[in-house]
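Chemist: Now for the letters of each chain:
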Amino acid sequence: MKEKKVGIRGYAGYVPRYRIKPEEIGAVWGKDGKMMGAALGVKSKSVPSPDEDVVTISTEAARWAMIRAGLTGDNIGAIYVGSESHPYAVKPTSTMVGAAIGATPDMTAADYEFACKAGTAAFQTCMGLVGSGMIENGLAIGSDTSQGAPGDALEYSASAGGAAFIIGSDDLLAEILYTTSITTDTPDFWRREGQAYPSHGGRFTGQPAYFKHIMGCTGKMLDELDMEPSDFQHAVFHQPNGKFPMKAAKKLGFTKEQISTGLLVTRIGNTYSGAVPLGLAAVLDVAEPGDDILVTSYGSGAGSDGFYIKATDGITQVRESGVPTIEEVIKDVKYLSYAQYAKFRGKIKRGG
Amino acid sequence: MSIPRFWREIRQRYKGIGTECGVCNRVYFPPREVCPDCGRDSLGDMKEREISGKGKVLTFTEVHEPMPDFEILSPYIMAIVEMDEGVRMTGQLVGVEFDEVKNGMEVEAVLRKLGEESPSGIIYYGYKFRPCR
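Going line by line, the protein sequences match chains X and D.
Note that the first sequence covers residues 1 to 352 in the numbering used here.
Note that the second sequence covers residues 1 to 133 in the numbering used here.
Among chain D residues calculated to face chain X with C-beta under 10 Å, some are:
id: 1; residue: I10
id: 2; residue: R11
id: 3; residue: Y14
id: 4; residue: G53
id: 5; residue: F70
id: 6; residue: Q92
id: 7; residue: G95
id: 8; residue: E97
id: 9; residue: G115
id: 10; residue: I123
Derived BS3-like pairs (lysine-lysine); straight-line CA-CA distance at most 30 Å:
id: 11; chain 1: D; residue 1: K113; chain 2: X; residue 2: K43
id: 12; chain 1: D; residue 1: K113; chain 2: X; residue 2: K21
id: 13; chain 1: X; residue 1: K331; chain 2: D; residue 2: K15
id: 14; chain 1: X; residue 1: K91; chain 2: D; residue 2: K15
id: 15; chain 1: D; residue 1: K56; chain 2: X; residue 2: K331
id: 16; chain 1: X; residue 1: K349; chain 2: D; residue 2: K113
id: 17; chain 1: X; residue 1: K347; chain 2: D; residue 2: K113
id: 18; chain 1: D; residue 1: K113; chain 2: X; residue 2: K91
id: 19; chain 1: D; residue 1: K102; chain 2: X; residue 2: K343
What the hints contain is simulated information worked out from the structure, not anything from laboratory work.
We put the beta carbon where it would ideally sit given N, CA and C, even for glycine.
Here chain X stands alone, though its shape is the one from the complex (with noise of 0.2 Å):
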């Protein structure tokens, strides 16, 4: 599959500290919050601050993983940022990125948008820079602000964060020894140039959405790889809520222990394009050498990728770096009631 040995040098992961409870938003919209929230296992979701958004939390995970890998931005040869909240419709997120960690110009770059995957997207597109010894480092991001209509089932879940990885090829933490995925053209989940608010086919984000490509794509890399769920002692699905991703753990045989550490919907919500890089970056953070870490991201519209994962004996060297781990960045918390929420995202229209 690949040229040269690739994998992860360093990471970290950035979640803004503000919250709200779906009991909260629940009482603006006349629906009982709490039974919202249990029903899609959110208990509280991260919102961005009116100065955050896919930029500066880009940069921030990007500077701690830099720190961790012990690296400088001329080592980065190429910088490609996955979300669907670009502050820019055109002009790219990757070229400010760049800037702030002082990559540029030397290298290349893009924005990615694929749903919630375009940050996995990104980490394909690093490992065959790197495979390929095109560059010797390149940096995959998945980001998000996401959005959420006032009052629609998405405004429970949708939030903010994102985590960055130094994908190259030596001095390893973490090793990537597969990858495959699965696409399909899936109309689940979009939202047209111009509107302010995704629009999703309800139910229909289900089985023939999330569960067929998560499932499906999972399946098709444990035969490739002739492996079983219980081989792996970490897994990471997307996490839209928190139902999703255990009802589908629990049907390709994998147990809770397995996907509880990188299950982080329940505390901060849907990050999209941050969810699985931050799920994985959890897990990293406690993982021992040695341990098989599986990955499967999903974006509607519709696709997965997979990915193997081995730690190595990098992993516990880089945990003196003095970068926070995901625990550390998401116990920083400060509630906000719907109309403080409502102000910080831009929902209450001013004048002037």
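Got chain X sorted already, so can you dock chain D onto it with the hints?
Modeler: Positioned in the frame of chain X, the structure of chain D alone reads:
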């Protein structure tokens, strides 16, 4: 702010690129062409110097009458931070409440949105400060 002016200052705003006097080694931010202490001796001897982004709060205040771009953040905290390189930088403190801030508190520079030209215009990014994690 004009687009060329913002563009010229990107390295200062995103990465804290200042200057260091080649004669007395004093660090300046924003960058200076000439060291005020060494005068003409420093001409041609001012080197680029990246500020580490780490420092301590020297003094701070809470702003209740915000500038137009900061209305949504009001009230917000502004601080003068003494950086590890000795230079002082002024910036907003984020990720902390006013009653939690103390002089001497260790902070680090983070990239945040500072404002925008207009809803269809350029977005301005730059440094703010947050307590060290």
